[in-house]
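Asker: Spelled out from the first residue to the last, the chains are:
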Amino acid sequence: MSRLVVAAAALVLGATVALAQAGAPVPHGPPPGPPPPYQLRPAYPAGDRLKAGGDGRVLFEAHCGYCHLAGGMGTNLVTKQQMMMGRSPDQGLLANRTDLTADYVKAVVRNGKGAMPVQTRVDITDTELDAVAKYLGKAG
Amino acid sequence: MKLHLPPRVSPQTFAAALKAYAGVVGKDWVMASDSDRDAYSDIYAPGDAGQWAASAAVAPASVEEVRAIVRLANEYKTPLWPVARGKNLGYGTAAPRMAGAIVLDLGRMNRILDIDPKLATCVLEPGVGFFDLHDAILREKHPLWMSVPGNGWGSVIGNALDHGIGYTPYGLHARNLCGMEVVLPDGDLLRTGMGAMDNNPAWHLFPFSYGPTFDLAFTQSNLGVVTKAGLWLQPAPEASLELIFDIPEEGDIGWVVDTIAPLKISGLIDQNVFIPSWLGKMVLKGQRHDFWDKPGAIPEWRVAELLKQYKLGYWQVALRLYGEESVIKAKAEIVKTAMKRHLAAAPQENWWRQGDAIGQYEITMGVPSAVPLQMSDWIGGRGAHMGFSPVVPATSAHVLGQLKRSRKIIADHDVDFYASFTIGGRFANNINMLMYDRDDAPMVENMKSLFNALIAETAKAGYGEYRTHLGWMDPVMDTFNFNNNALRRFDEKVKSALDPNGIIAPGKQGVWPAAYASERHSAPQGAASAKGGKA
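Chains as they are written, first to last, in our numbering: chain A, 168 to 307; chain B, 10 to 544.
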């Protein structure tokens with residue numbers, strides 16, 4: 168990776184880390200808005216986790232959100248990879264991608280990829296994964 | 010992953026056991042395909058993950074199901090390896106110590122049973138993750154803060170039971186546990202503390218039992234399966250101030266510890282103070298090859314360049330004070346005066362007050378994050394890490410001695426140095442991160458040799474680890490050698506009495522029930538070479 172991309176990626180990805188840990192004072196200002204999605208995922212849907220037909224977006228945010236919503240570790244790493252491929256940083260959010268297929272999503276979840284660990288069927292059931300793969304798999 | 014049957018269990022009995030478990034939890038929650046076994050393997054395994062292969066996993070949804078499974082395990086002699094969420098990354102993930110054990114995955118038991126904002130407690134099932142509890146507190150707007158470890162992905166209870174540490178005033182997580190419900194190895198159900206009385210409202214408030222108090226005996230333990238526990242939380246403070254000191258030189262850690270530890274012991278600082286070395290910051294800035302593209306440790310001259318370029322000290326102390334603003338101001342003056350005796354530069358000061366937003370990476374404010382795991386990407390490939398984690402007295406003599414010793418061993422193995430000292434009071438946890446690419450066999454072998462040398466040399470100097478990876482549970486237990494390993498002999502006497510069939514987590518932390526004593530050295534990862542490591 169070129170130094171330029173490193174610097175750009177660090178700026179985009181690490182800006183909050185750098186600021187939060189080593190930078191600007193947190194302003195004493197008006198009450199904040201709602202917490203960012205990474206901090207407040209939707210609740211796990213109630214009911215039978217083995218039943219098909221769940222809401223892919225809700226299931227994705229609830230089960231995958233701690234890494235794959237804005238600011239999560241997965242988003243940080245995917246953003247870096249996407250930028251190295253010359254794509255815009257917003258492609259680090261899986262929900263923005265249009266080149267993912269459902270089968271690819273399932274394969275990564277069940278086999279892991281790079282720093283992403285394999286997910287068990289307790290982490291996400293096969294039927295939940297079907298719904299998530301359908302939601303993310305915009306390329307079919 | 011191929012099927013490893015539990016010791017002395019025939020394929021026929023194994024199949025019958027799985028069928029019996031399915032009768033309790035439903036067939037979809039008995040997971041025994043090759044792909045399931047992969048999913049429960051150690052994703053950071055140093056070497057062949059088959060050394061710690063689960064034969065299957067079973068996932069109950071209630072305490073009654075746990076009891077039924079434990080009774081069946083006794084009947085079929087199929088040992089269980091309980092995990093809360095199975096995210097013990099760096100220490101074995103969800104994988105069992107003994108190949109062939111069945112993972113008892115408690116991830117479905119993820120109810121937050123109670124949050125009491127007045128007395129600042131909660132009652133959780135083991136499947137509740139740090140993110141789950143954090144979301145619930147935010148949703149209900151409870152004035153409570155958590156304490157979180159580096160990996161917020163794991164279980165709140167599981168981490169406390171494994172002696173995890175965080176970086177707030179509640180950072181010794183096992184100390185926050187108060188009142189447990191435990192399924193014993195024979196399937197009986199115990200409640201500790203005041204919970205031993207039906208409906209006692211002080212169960213999660215008073216930390217002792219009438220008579221002997223066994224709560225901590227169920228931590229890093231194989232004496233039972235904790236199915237719920239009370240946990241104390243931090244009341245949200247009125248304000249908080251972060252003081253960030255960049256500490257220029259490696260050897261400065263001595264005066265830093267001598268300055269901060271007395272303030273921590275006196276109570277002026279109430280936080281667990283985390284002091285990482287520079288690499289802790291660099292791993293978030295890119296991959297190793299972006300900064301040094303040769304094998305072997307990054308040379309000192311290049312480290313010096315990087316520290317200059319990125320304006321990093323060798324260490325960083327990001328110390329946080331909590332409470333009323335006027336009290337914080339007074340405390341901050343004392344801390345700053347003490348630090349100024351050694352460091353001219355004033356710290357950065359970040360104030361937070363009630364109503365202000367909290368950044369999503371504020372681990373010292375109890376916000377869970379998985380971002381520290383990003384270090385897996387530093388080496389590249391299937392990145393992984395293990396932690397070598399001795400406990401040392403919080404004085405400069407001990408800390409510098411440990412630093413010098415581990416630095417030399419790590420340098421002799423040509424590995425980058427990445428360590429932290431967390432001052433928890435009278436002691437410091439020294440965590441040395443060893444990062445490797447799982448698919449680079451020589452690198453993994455070097456890490457194993459390094460790990461063995463660190464354990465052996467550190468024990469020779471008189472220090473022990475607080476926690477370790479599956480592959481070194483026996484060698485580390487060996488180091489606790491007072492009176493011919495009296496601790497282990499006691500642990501095993503108790504274990505074998507309570508669990509004659511040895512079906513709960515055999516080998517956990519090097520404690521083997523009589524029923525599986527012959528398995529003690531079956532996975533000689535560390536045992537074979539801990540005494541003869543390089544360096």
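Hints should not be assumed to be uniformly reliable.
What the hints assert, rightly or not - DSSO-like mimics (lysine-lysine), calculated; alpha carbons at most 30 angstroms apart, straight line:
hint: 1; chain 1: B; residue 1: Lys-11; chain 2: A; residue 2: Lys-280
hint: 2; chain 1: A; residue 1: Lys-273; chain 2: A; residue 2: Lys-301
hint: 3; chain 1: B; residue 1: Lys-86; chain 2: B; residue 2: Lys-11
hint: 4; chain 1: B; residue 1: Lys-469; chain 2: B; residue 2: Lys-320
hint: 5; chain 1: B; residue 1: Lys-28; chain 2: A; residue 2: Lys-218
hint: 6; chain 1: B; residue 1: Lys-320; chain 2: B; residue 2: Lys-127
hint: 7; chain 1: B; residue 1: Lys-320; chain 2: B; residue 2: Lys-338
hint: 8; chain 1: B; residue 1: Lys-127; chain 2: A; residue 2: Lys-280
hint: 9; chain 1: A; residue 1: Lys-218; chain 2: A; residue 2: Lys-280
hint: 10; chain 1: A; residue 1: Lys-218; chain 2: A; residue 2: Lys-305
hint: 11; chain 1: B; residue 1: Lys-11; chain 2: A; residue 2: Lys-273
hint: 12; chain 1: B; residue 1: Lys-28; chain 2: A; residue 2: Lys-273
hint: 13; chain 1: B; residue 1: Lys-320; chain 2: A; residue 2: Lys-301
hint: 14; chain 1: B; residue 1: Lys-36; chain 2: A; residue 2: Lys-273
hint: 15; chain 1: A; residue 1: Lys-218; chain 2: B; residue 2: Lys-36
hint: 16; chain 1: B; residue 1: Lys-303; chain 2: A; residue 2: Lys-280
Don't read these hints as lab results, they were simulated from the structure.
Asker: Next pair to validate is Lys-28(B) with Lys-218(A); report whether the Cα-Cα distance is within 30 angstroms.
Answerer: Holds, at about 22 angstroms.
Asker: Holds or violated: Lys-28(B) with Lys-273(A), Cα cutoff 30 angstroms?
Answerer: holds (28 angstroms)
Asker: CA of Lys-320(B) to CA of Lys-338(B), is that 30 angstroms or under?
Answerer: Satisfied, since the Cα-Cα distance of roughly 27 angstroms is no more than 30 angstroms.
Asker: Between Lys-11(B) and Lys-280(A), does the CA-CA distance stay at or below 30 angstroms?
Answerer: This hinted pair holds, its Cα atoms lying about 21 angstroms apart.
Asker: Next pair to validate is Lys-36(B) with Lys-273(A); report whether the Cα-Cα distance is within 30 angstroms.
Answerer: The hint holds at about 22 angstroms.
Asker: Given the hinted pair Lys-320(B) and Lys-301(A), is their Cα-Cα distance within 30 angstroms?
Answerer: violated (45 angstroms)
Asker: Decide if the proposed pair is consistent with the structure: Lys-273(A) and Lys-301(A), CA atoms, cutoff 30 angstroms inclusive.
Answerer: OK: Lys-273(A) and Lys-301(A) at ~10 angstroms, within 30 angstroms.
Asker: Holds or violated: Lys-218(A) with Lys-305(A), Cα cutoff 30 angstroms?
Answerer: holds (23 angstroms)
Asker: For Lys-218(A) and Lys-36(B), compute the direct alpha-carbon distance and say whether it is at most 30 angstroms.
Answerer: holds (14 angstroms)
Asker: If you draw a straight line from the CA of Lys-303(B) to the CA of Lys-280(A), is it 30 angstroms or shorter?
Answerer: The given pair, whose Cα atoms are some 24 angstroms apart, holds under the 30 angstroms limit.
Asker: Decide if the proposed pair is consistent with the structure: Lys-320(B) and Lys-127(B), CA atoms, cutoff 30 angstroms inclusive.
Answerer: Judged against 30 angstroms, a Cα distance of about 44 angstroms means the pair is violated.
Asker: Is the straight-line distance between the alpha-carbon of Lys-86(B) and that of Lys-11(B) 30 angstroms or less?
Answerer: Holds, at roughly 20 angstroms.
Going down the numbered hints, you'll see the structure goes against 4, 6, 8, 13, while the others check out.
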